Amino acid sequence: MNPIIIIDSLSKTYETGFKALKSVSLEIREGEILALLGPNGAGKTTLISTICGIVSPSAGTVTVAGKDIIKDFRQTREIIGLVPQELTIGAFETVWGTVNFSRGLFGCKKDEAYLEQLLKDLSLFDKKNDELRALSGGMKRRVLIAKALSHEPKILFLDEPTAGVDVELRKDMWAIVRKLRASGVTIILTTHYIEEAEEIADRVGVINNGELLLVEEKDQLMVNFGKKQLLLELSEPVESIPESLSLFDLDVSEDGYSVTYTYDPTGDGAEIADVLQAISKAGLAFKDLKISQSSLEDIFVDLVRG
Amino acid sequence: MNFRAIKVIYVNEMTRFWQTLFQSIASPVISTALYFIVFGAAIGASIDKIEGVSYGLFIVPGLTMLSILTQSISNASFGIFFPKFTGTIYELLSAPISFYEALIGFVGAAATKSLILAVIILITASFFVELQIAHPIWMISFLVLTCITFSLFGFIIGLWAGNFEKLQVVPLLIVTPLVFLGGSFYSISMLPEFWQKVTLFNPVLYLVSGFRWSFFEVSDVSVGTSLMMILIFLSACLAVVAWMFKTGYRLKQ
Numbered sequence: 000m001n002p003i004i005i006i007d008s009l010s011k012t013y014e015t016g017f018k019a020l021k022s023v024s025l026e027i028r029e030g031e032i033l034a035l036l037g038p039n040g041a042g043k044t045t046l047i048s049t050i051c052g053i054v055s056p057s058a059g060t061v062t063v064a065g066k067d068i069i070k071d072f073r074q075t076r077e078i079i080g081l082v083p084q085e086l087t088i089g090a091f092e093t094v095w096g097t098v099n100f101s102r103g104l105f106g107c108k109k110d111e112a113y114l115e116q117l118l119k120d121l122s123l124f125d126k127k128n129d130e131l132r133a134l135s136g137g138m139k140r141r142v143l144i145a146k147a148l149s150h151e152p153k154i155l156f157l158d159e160p161t162a163g164v165d166v167e168l169r170k171d172m173w174a175i176v177r178k179l180r181a182s183g184v185t186i187i188l189t190t191h192y193i194e195e196a197e198e199i200a201d202r203v204g205v206i207n208n209g210e211l212l213l214v215e216e217k218d219q220l221m222v223n224f225g226k227k228q229l230l231l232e233l234s235e236p237v238e239s240i241p242e243s244l245s246l247f248d249l250d251v252s253e254d255g256y257s258v259t260y261t262y263d264p265t266g267d268g269a270e271i272a273d274v275l276q277a278i279s280k281a282g283l284a285f286k287d288l289k290i291s292q293s294s295l296e297d298i299f300v301d302l303v304r305g
Numbered sequence: 000m001n002f003r004a005i006k007v008i009y010v011n012e013m014t015r016f017w018q019t020l021f022q023s024i025a026s027p028v029i030s031t032a033l034y035f036i037v038f039g040a041a042i043g044a045s046i047d048k049i050e051g052v053s054y055g056l057f058i059v060p061g062l063t064m065l066s067i068l069t070q071s072i073s074n075a076s077f078g079i080f081f082p083k084f085t086g087t088i089y090e091l092l093s094a095p096i097s098f099y100e101a102l103i104g105f106v107g108a109a110a111t112k113s114l115i116l117a118v119i120i121l122i123t124a125s126f127f128v129e130l131q132i133a134h135p136i137w138m139i140s141f142l143v144l145t146c147i148t149f150s151l152f153g154f155i156i157g158l159w160a161g162n163f164e165k166l167q168v169v170p171l172l173i174v175t176p177l178v179f180l181g182g183s184f185y186s187i188s189m190l191p192e193f194w195q196k197v198t199l200f201n202p203v204l205y206l207v208s209g210f211r212w213s214f215f216e217v218s219d220v221s222v223g224t225s226l227m228m229i230l231i232f233l234s235a236c237l238a239v240v241a242w243m244f245k246t247g248y249r250l251k252q
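Protein chains in written order, with numbering that gives the first Met the number 0: chain A, 0 to 305; chain B, 0 to 252.
Mixed in with the good hints, there may be bad ones.
[Said to hold, decoys possible] So these bits of chain B aren't anywhere near chain A, every CB distance computed over 12 Å:
1. LEU33
2. ALA41
3. SER53
4. ILE139
5. GLN167
6. GLN195
7. ASN201
8. ILE231
9. LEU250
[What the hints assert, rightly or not] 27 Å max Cα-Cα, derived BS3-like pairs, lysine-lysine:
10. LYS139(A) <-> LYS251(B)
11. LYS83(B) <-> LYS139(A)
12. LYS119(A) <-> LYS178(A)
13. LYS21(A) <-> LYS245(B)
14. LYS153(A) <-> LYS109(A)
15. LYS66(A) <-> LYS251(B)
16. LYS6(B) <-> LYS139(A)
17. LYS109(A) <-> LYS6(B)
These are computed hints drawn from the structure, not numbers from a lab. Remember, predicted model here, so these are calculated numbers, not experimental data. Glycine included, C-beta positions come from ideal geometry on N, C-alpha and C.
Model the full structure from these sequences, guided by the hints.
Given below as structure tokens:
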């Protein structure tokens, strides 16, 4: 897929001297869902805000669909929709009024049929004449999405879209995101919830201290950085791994009641049988065994902690 | 030029005006009526004519200026401050519009509200005094220029203000005293010579004087000087706004 956004050596230093982005380079492919993971203050929102025009870059360039975000800001912003992290929304406007306002702001002529369908898709149509202040937090989040989609953007930025929303709404959001991707919209989302990235992203980027640590296909990331472990619970404790098992990557727990074997998840697992046989030969009796695979969360924590 | 964006900003701001109709219109109308009752009828009856104009009639331009200056500043400053305060400004900043297009929407709406208000005040005044306008075209020109200039000034205050207190400080502590001391309710020829000279440093004097001339052909300074002073203030506001937009002052980090 061709890149729709090209970020080249993008840096941002705020007036306070805080370096929010340090020479970030990234290509975002058309039609993909890219999840940007990172702890608080990592630079995720600054990155998104810079591409959308809310924050001025200190150095570097960003092009969207081949156009520079500063020189050709009209063309780039026309095709971008942004759902901010905070529930920044008016109070006295109606749902219908505010989505029409957003559409007009992006220079699009009125299209009642499109906006009606959009509100229906987001389960907001019943609320179209309600004032924004009367809506629940979840509904306000949906309105923000409706506003961001009101001008039919090709790229949608979702900054922590499911922060503070209940499980049901989170699943609804994921369904909405999948539907948008199916219609060809490129989606970039930042999230704290690793399971969110695991669930819906095609690629995952990990950002920390203003630096992009990596960007990988989600599945490839699991393969490259993930690991599998075989845990054996022993009947009798051992003090150390017997000499005869030194060929295998085995660790014994502090209490001596369990032994862990870590192995490559890309392998066929054939060596498991060898390990079990060797353990039996060494005279270690086990009463239970468990196999675990590292989650994206484990990978993320390992990466961020360096 | 993104005309649709300018239109929706303008319409959105005007909608807020109609939604707060009582606050926007009734309040200035009531206070204007009270001024006429107190200064025009009660006290004004005991005051001699000023340069051939009855006191009740004389204060009409000053009262109108008092309202439109404060309302222009208040409307325009609140219009841009509120999105900053609530965070909804993100939408303006990420939309395909230039700062100048947003400015036209916000300032255009604030100036329109002030013009509507001025018309209502003049209609209210006509119930108390027999209103005469010697130069209607000049009157409208002064009115429009003042509304635009002070709406621009209000926009600057709205961008500069970091909190609600600052938003109120300039209209309350600077503009209102300048209007009261700028010959709104008297001719500066009634002051001692020293204070006449001091008053010449008050920019509002030139607005009120020019506006009053368009009604009664009576002025404290020449009409040309008044017009020039408004244009200088308008240019100064535009220059400040241009600097703010160029640097992204209080708008973009």
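These are the hints, each one checked on the structure:
1. LEU33: 30 Å, holds
2. ALA41: 40 Å, holds
3. SER53: Per Cβ check, SER53(B) is outside 12 Å of chain A; nearest 44 Å; holds.
4. ILE139: 30 Å, holds
5. GLN167: 21 Å, holds
6. GLN195: Answer for GLN195(B): holds, closest chain A Cβ roughly 46 Å.
7. ASN201: 36 Å, holds
8. ILE231: It holds; ILE231(B) is separated from chain A by about 32 Å at its closest Cβ, greater than 12 Å.
9. LEU250: 9 Å, violated
10. LYS139(A) <-> LYS251(B): Holds. LYS139(A) to LYS251(B) sits at ~25 Å (cutoff 27 Å).
11. LYS83(B) <-> LYS139(A): 19 Å, holds
12. LYS119(A) <-> LYS178(A): Distance of about 14 Å is within 27 Å: holds.
13. LYS21(A) <-> LYS245(B): 25 Å, holds
14. LYS153(A) <-> LYS109(A): 18 Å, holds
15. LYS66(A) <-> LYS251(B): 21 Å, holds
16. LYS6(B) <-> LYS139(A): Holds, because 25 Å separates the two Cα atoms, which is no more than 27 Å.
17. LYS109(A) <-> LYS6(B): 12 Å, holds
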